[in-house]
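As you go down the protein sequences, you meet chains A and B in turn.
Residue numbering for the first sequence follows the numbering used here, beginning at 1 and increasing consecutively.
Residue numbering for the second sequence follows the numbering used here, beginning at 1001 and increasing consecutively.
Don't read these hints as lab results, they were simulated from the structure.
A hint or two may mislead.
[Stated by the list, open to error] Using 27 Å as the maximum straight-line C-alpha spacing, the simulated DSS-like pairs for lysine-lysine come out as follows:
{"#": "1", "chain 1": "B", "residue 1": "Lys-1141", "chain 2": "B", "residue 2": "Lys-1175"}
{"#": "2", "chain 1": "B", "residue 1": "Lys-1046", "chain 2": "A", "residue 2": "Lys-141"}
{"#": "3", "chain 1": "B", "residue 1": "Lys-1002", "chain 2": "A", "residue 2": "Lys-136"}
{"#": "4", "chain 1": "B", "residue 1": "Lys-1125", "chain 2": "A", "residue 2": "Lys-141"}
{"#": "5", "chain 1": "A", "residue 1": "Lys-175", "chain 2": "A", "residue 2": "Lys-136"}
There are 2 protein chains.
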Amino acid sequence: MKPIITAFERSPDRGRGLARDMRVRWALEEVGQRYDVRLLSFAAMKEPAHRALHPFGQIPTYEEGDLVLFESGAIVLHLAECHAGLLPDDAAARARAISWMFAALNTVEPPILDLQTVLFLERDKSWYEQRLAMVKDAIRKRLGELSHRLGDADWLDGAFSAGDLLMVSVLLRVKTSGLLDEYPNLAAYVARGEARPAYRRAFADQLAVFNAALAGES
Amino acid sequence: MKPIITAFERSPDRGRGLARDMRVRWALEEVGQRYDVRLLSFAAMKEPAHRALHPFGQIPTYEEGDLVLFESGAIVLHLAECHAGLLPDDAAARARAISWMFAALNTVEPPILDLQTVLFLERDKSWYEQRLAMVKDAIRKRLGELSHRLGDADWLDGAFSAGDLLMVSVLLRVKTSGLLDEYPNLAAYVARGEARPAYRRAFADQLAVFNAALAGES
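Bound-form chain A, shown alone (with noise of 0.2 Å):
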C-alpha cells in the first residue's frame, strides 16, 4: 500500500528543503517506500479537513490505508520500525539511536527555531540584535557539545541511523546562519547526509513542487 504524505503546496523556504516533509521524504527513500504527496495552501492547512488529520493544522501528515500520523519524528520512527534501514537491529543500538532522534527535536532543535522567531517575527524590533546574539550563543552550546561528541566519526552511534537523519535535518536549519561552519566536523557531518542518494532524491522532489508552483505564477 502506497502511503500518502502532505506538504506545502509552495514552500516558504522556497525548495530549500527545510520544510518537515523533507524529514519523511528522506526517510521513505532511505528504506525504498515510494509514496504519493498530496499538496497543501496554507488556507487548506488551516482546515477542519486537515486539522483531522493533523490537531496543529502543519505538515506533514502520514496516510496509509486507516492509520493517520502527524509529528516528522513519529512518522521517521513508524517507517524505522516498519522496514530495514532506519535503525540497528541490535536492541541496545536501536535505543541509542532512538536517543538521537529525540536528542535532534527536542534538545538541538528548540534553540533553532527561536533562531527563526528572530530572524522572522522580531527583524524589525528595538532588541533584534540583542536577542539575535543570545540566541546564538545558545545554538552554539549545543553544537559545541555535538560537535564534542561526534569527534572524528562518521555518524553518531555506528552506522547512519534515523537519529543522524533527523540531526542532519536539523542542522540544515543552521547551514545559512554560518553557524554550522564554526564547527567543521558537524558541516562535514551535515555534507554527508545530503550526499546520500536518499537525501538527493527526496530534495530533488521537494524542489520540483516549489519549482512548478513558480511555473504556475502568472
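Fit chain B to the supplied structure of chain A, relying on the hints for placement.
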C-alpha cells in the same frame, strides 16, 4: 535488573516536579519498575564522566546494565516498549500514541521552553514585557489547538498512554503562568494526570530529594 537514573541533587524548580527526571520516574512507576537514582550536582553534570553518558550534560540518564540512554522522551519510549501499560497493543493505536509523544516534545514544548527563557534570562531586559506577551500568544496558539482536539475526552487517543504522560508533563510547566486555566479541559486533563497513583508516587520521591537537600543546609 534495577535501572539507574540520574537527577538533580538540588532541582532548580525546588521540588515542583518540573525537572525532566520526573517524566522518567512517572513512567517507571506506571510500569511498576523499581529503580535507583544517582544525584548530581550542577558541577558534576558538566564533568566528562557524566558527559560520557549524556552528551549535553543534562539529566536524566538511564542505565540498564550496559545500555545507556539519554533524552527523557527516548527513555519513556524504551520503558513503554519493554513493559506493558504505556502503549496500546494495537499497532496503529501504538503509532498514534507515539505521534503524541513527539507532539508534546517537538510542537508543544518549544514555545513553553521559550517562556522559561523570557522569565529567567530576559526579566531585566528592556523588551521583557513585549517578548513575554509574544511568547504567551505562541503558547496560547498551541494550547487552543490541543484543547480543541482533546474536547471532552479523558486522554488524547483512547486509554492513557506515554503520549499523555509526556503531554501532561509539558503542560505542567505552564501551570503557574495561569495560561492553562484559560483552557478548562486542558487544566482538567493535567489534573487527571497528576491524580494518577504512579504520578503521585513519582512526585513524592522527587520532592523527598529536594527536601533532603534543604535539610542538609546549614
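Practice task
Compare the structure with the hints numbered earlier in the document and write down the numbers of the violated ones, lowest to highest.
Solution key: 3
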